[in-house]
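Those sequence lines, one after another, are chains E and W.
Take any residue in the first sequence, note its place counting from 1, add 13, and you have its number in the numbering used here.
Take any residue in the second sequence, note its place counting from 1, add 439, and you have its number in the numbering used here.
Please keep in mind that the hints were generated in silico from the structure rather than gathered at the bench.
Fair warning: there could be bad hints in the mix.
[Stated by the list, open to error] Simulated crosslink set (DSS-like; lysine-lysine; CA at most 25 angstroms straight-line):
| hint | chain 1 | residue 1 | chain 2 | residue 2 |
| --- | --- | --- | --- | --- |
| 1 | W | K594 | E | K242 |
| 2 | E | K242 | W | K639 |
| 3 | W | K663 | W | K625 |
| 4 | E | K166 | E | K242 |
| 5 | W | K543 | W | K649 |
| 6 | W | K551 | W | K577 |
| 7 | W | K639 | W | K594 |
| 8 | W | K582 | E | K242 |
| 9 | W | K649 | E | K242 |
| 10 | W | K632 | W | K551 |
| 11 | W | K632 | E | K242 |
| 12 | W | K632 | W | K649 |
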Amino acid sequence: MKALNSSNMGGRSMNIQMRESEGAIHGKKGTVDHGNYVEVPVVCGPGVKEIASGEHIHEVFVVGPDGTQASLPSGIVVGEAATADIIFIVLPGVKQDIPLTVDLVGEGSTVHLAGIYLCSGNDHVTFDITMNHRVGHCVSRQVFNGLAANASKAEFFGRIVVAPDAQKTEAYQENHNVVLSDNAHVNTKPRLEIYADDVKCSHGATVGRLDEDAQFYMESRGIPEDEAKVLQMISFVAPVLEYAPEADREALATRVEDAIRHLSSV
Amino acid sequence: MNDILLEIKDLHASAGDKEILRGVNLEIGRGEIHAVMGPNGAGKSTLSSVLTGKPEYTVTQGSIEFMGQDLLAMKPEERAWAGIFMSFQYPIEIPGVSITNFMKTAINSKRKAQGIEPMKAADFLRLMKEKMALVQMKPEFAKREVNVGFSGGEKKRNEIFQMAMLDPTLAILDETDSGLDVDALKIVADGVKALHSPEKSAIIITHYQKLLEYVRPDVVHVLKAGRIVATGGYEIVDKIENEGFEQF
Ligand SMILES: Nc1ncnc2c1ncn2[C@@H]1O[C@H](COP(=O)(O)OP(=O)(O)OP(=O)(O)O)[C@@H](O)[C@H]1O
Ligand SMILES: [Mg+2]
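Throw the hints in and build the complete structure from the sequences for me.
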């Protein structure tokens, strides 16, 4: 088995980073041990969403202090040649675990999971994601960016499992975080378990602060301190919004911006 | 008759426990262009940073007055609103923020501070277009993220574009001419000249004669080891060119 949980510094050109981990595996015959793979049952139960073969879903879940409009799925089972695009927006004022297991059981499917989390006060948000590539020829992409202010805690556990027969898998995961106060905590743990040998997988995780040079540059142009911070925070999470359905994007961007403005004033 | 725009008295500044500026005295009259030359590490950029309020420098002694106000008591953004602008020696990249959004926010922040309503979108775009043309920046740059992926010369041009947009009373150009090709240097010099007026002053920090040939400074200073060691007219530029900084 090759479990990758590296923490090599350098590489990515994000100037906000303090520490980061990054890894990549490109399929090369003979580099992967096929042992140790334990097949667990496909998720089932009331919180599980089934995406039929050929079906396409694109959903947005906004989690706010008053809960979510629709209940969050705990599992997603994706059939053949299907697509699932899911974006989570976690607003300030939330204490919640968000566990999610995705089982790719049919070939030729694509899953995008995206998320923005804006934690403030004593918020505690935990994403616990398992992406199971059980069959080959599927693509999964995860992009989660979050901010942690005040005494909040944000955690991201992201596991990618590629079964021995899941050849030609592509699985990517990015998790980037900005810590806005000394009392805020971020914990990011990517984990790649790759049992197939012809795959493309990578993960990147960073935890950093706002860029002081960018901050001064903006202030020197007459942008007040708070506004400059807001601009940096918005530009940090904005790329994730590209994963939202086009029709919802602007409204979501506005909600995120409002939440960020509120964050920076607390 | 000559009213003083900027008055620096016995300025000492440190980074950490390293003293970099060790008693700078400088007076700039309204309408004047001053050149500051000096060897690498003399403290030229530090002086610019202290004038604009960069937090990593601590002023340990001395004072700076700008148009009669205590500059050192003001935040960086307040200094910008008061009319100070620095063209950075090493412009900073701001991923995810477009030049348009950056400039709109900068201009409207100042207007807000002055109790003026935000600029109308059409007026703003017209101003952008006009000022980009002044420094011959291609229109597509308006959408690009600030300085991200810009060449060295493009970054410097972007600095002068921002200066044109913000219309400062005191412009500090920290080696804006470094790394520019001959044509770009001409464009930047023409830009600086076009933006100059009898109400405005400039401090031009440079290692080269070329920019000063275009933008004739009224006064030339030599900064060395944190102090101004010589002040004079254009003849100082020639002296430096011929004999270097040893003589001072
Ligand atoms: N933040 C800092 N921490 C420590 N030392 C610093 C800091 N900033 C500047 N210095 C030091 O202070 C001295 C003056 O630096 P400064 O950048 O002002 O020089 P300069 O005159 O602009 O030089 P150049 O012509 O090379 O641009 C240098 O020795 C530099 O290493
Ligand atoms: Mg310098």
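Checklist entry - Within a Cα-Cα threshold of 25 angstroms, do K639 of chain W and K594 of chain W meet the stated pairing? => result holds (24 angstroms)
Item to check | Pair hint outcome, K543 of chain W versus K649 of chain W [Cα-Cα no greater than 25 angstroms] | outcome: The hint is violated at about 33 angstroms.
Checklist entry - Does the alpha-carbon distance linking K632 of chain W and K242 of chain E stay inside the 25 angstroms limit? => result violated (34 angstroms)
Checklist entry - Keeping to a limit of 25 angstroms between CA atoms, is the pair of K582 of chain W and K242 of chain E held or broken? => result holds (20 angstroms)
Next on the checklist: Check the hint pairing K594 of chain W with K242 of chain E against an upper bound of 25 angstroms on the C-alpha distance.
Outcome noted: holds (22 angstroms)
Item to check | Pair hint K632 of chain W and K649 of chain W, alpha-carbon separation not exceeding 25 angstroms | outcome: holds (14 angstroms)
Checklist entry - Given the hint that K551 of chain W pairs with K577 of chain W, does the C-alpha gap stay at or below 25 angstroms? => result violated (29 angstroms)
Next on the checklist: Can you confirm whether the C-alpha distance between K632 of chain W and K551 of chain W stays at or below 25 angstroms?
Outcome noted: Roughly 29 angstroms separates the two Cα atoms, so the pair is violated.
Checklist entry - Between K166 of chain E and K242 of chain E, is the straight-line Cα distance small enough, at 25 angstroms or below? => result holds (20 angstroms)
Checklist entry - Hey, K242 of chain E versus K639 of chain W, does the alpha-carbon distance stay inside 25 angstroms? => result The hint is violated at about 31 angstroms.
Checklist entry - Is K663 of chain W close enough to K625 of chain W, meaning Cα to Cα at most 25 angstroms? => result violated (28 angstroms)
Item to check | Agreement of K649 of chain W and K242 of chain E with the hint, judged by alpha carbon distance not exceeding 25 angstroms | outcome: Distance of about 39 angstroms is beyond 25 angstroms: violated.
This entry does not satisfy hints 2, 3, 5, 6, 9, 10, 11, going by the numbered hints stated previously.
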